[in-house]
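Visitor: Sequence:
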Amino acid sequence: MSSNKGRADSLSLLLFTLRSGKLMAINLLKVSEIIPCPPLTKLPESHPHVKGIATLRGASLSVIDLSRAIGERPLEDPDGGCLIVTDVSRSKQGLHVQAVSKIVHCLTTDIKPPPFGSGGVRAFITGVTSVDGTLVQVLDIEKVIHGIAPAQIETAPTELSMEDAEVLGNARILVVDDSQVALQQSVYTLRNLGLQCHTARSAKEAIECLLDLQGTAQQINLIVSDIEMSEMDGYALTRTLRETPDFAHLYVLLHTSLDSAMNSEKARLSGANGVLTKFSSPELTKCLITAAKAVAEQGH
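UniProt numbering numbers the first residue of the sequence shown as 1 and each following residue consecutively.
Simulated from the structure, these hints should not be mistaken for lab results.
Each hint should be verified, as a subset may be incorrect.
What the hints assert, rightly or not - No farther apart than 30 Å at their CA atoms in a straight line, the calculated lysine-lysine pairs in the DSS-like style are these: (1) 112 x 42; (2) 293 x 92; (3) 42 x 22; (4) 143 x 42; (5) 22 x 112.
Said to hold, decoys possible - Here are the computed distance ranges between Cβ atoms for each label pair: (6) 219 x 76: 53 to 61 Å; (7) 294 x 22: 26 to 34 Å; (8) 36 x 218: 40 to 48 Å; (9) 299 x 100: 46 to 54 Å; (10) 53 x 105: 19 to 27 Å.
Glycine included, C-beta positions come from ideal geometry on N, C-alpha and C.
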């Protein structure tokens, strides 16, 4: 159960810079378009990291001052640069950046976790890679957005039927996500359902957890995994599990900030049981109930 380039998935990254000139990247699948920075309307009492509102084909678009959001110096020309329009976790936003560099293609195994204990700007990255000998930081866009507009998660206990509550109570869940914000959102939903779970910040940690708990009363029978992770992504993790006799039966729900429609076929081919777009607590709850019932039918 190990990652290797033979099973790695390809990944396209859009490289961009802020004032420092250091290269940063975002998954190209999260980008809907790139445009020159248009005139912006500043709204009163808006978040300090929201630069303003742009009108894009008749629709309003919040524009994030990415430099301020991640603690970097503001752009030299506050009205220049360009917008990277992203479509993440069911919402669109514009990221104001200095310039877009280029698109590069790599393997997920080429993306390494950020150094342990990294602070400052590094707190807003999920991984690092090298392009032509230059370090590139992969942006944790979910954390940037959460810092400005935290996802609203139900605080009241979710009403479940006795049957659903009972079947969920038998689920032993492992949540895997390299974004601390996304991980916390999932864990909060589970706790709101009265469930405890194990967590992992990478596929490697997930495999270690599975091995540690194998044969114990806490043996995992349901995995909720992010797709985009450094070194080994959710697809590769799922394929690895399906090829490992002790874990081939595990129910795997892939949880992604991308539109799940564009990932459903790839998820199916990897062996995943389902795919869901982040973040909707009711939809995650519904998927967990479906998963727990399938696990119960399998006798695991």
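Visitor: Would you mind confirming whether the straight-line C-alpha gap from residue 293 to residue 92 stays at or under 30 Å?
Guide: Cα-Cα ~34 Å, so violated.
Visitor: If you draw a straight line from the CA of residue 143 to the CA of residue 42, is it 30 Å or shorter?
Guide: holds (23 Å)
Visitor: Between the alpha carbons of residue 112 and residue 42, is the straight-line distance 30 Å or under?
Guide: With a Cα-Cα distance of about 38 Å, the restraint between residue 112 and residue 42 is violated, given a limit of 30 Å.
Visitor: Is the straight-line distance between the alpha-carbon of residue 22 and that of residue 112 30 Å or less?
Guide: Holds, at about 17 Å.
Visitor: Using the beta carbons of residue 53 and residue 105, state whether their distance is inside 19 to 27 Å or not.
Guide: For residue 53 and residue 105 the Cβ distance comes to about 34 Å; the hint is violated.
Visitor: Okay, residue 36 versus residue 218 on CB: inside 40 to 48 Å?
Guide: violated (54 Å)
Visitor: A range of 26 to 34 Å was offered for this pair. Does it hold for the Cβ distance of residue 294 and residue 22?
Guide: violated (46 Å)
Visitor: Next pair to validate is residue 42 with residue 22; report whether the Cα-Cα distance is within 30 Å.
Guide: holds (28 Å)
Visitor: For residue 219 and residue 76, compare the CB-CB distance with the range 53 to 61 Å and indicate the outcome.
Guide: holds (56 Å)
Visitor: Using the Cβ atoms, figure out if residue 299 sits within 46 to 54 Å of residue 100.
Guide: holds (52 Å)
Hints 1, 2, 7, 8, 10 from the list above are not met by this structure, while the remaining hints are.
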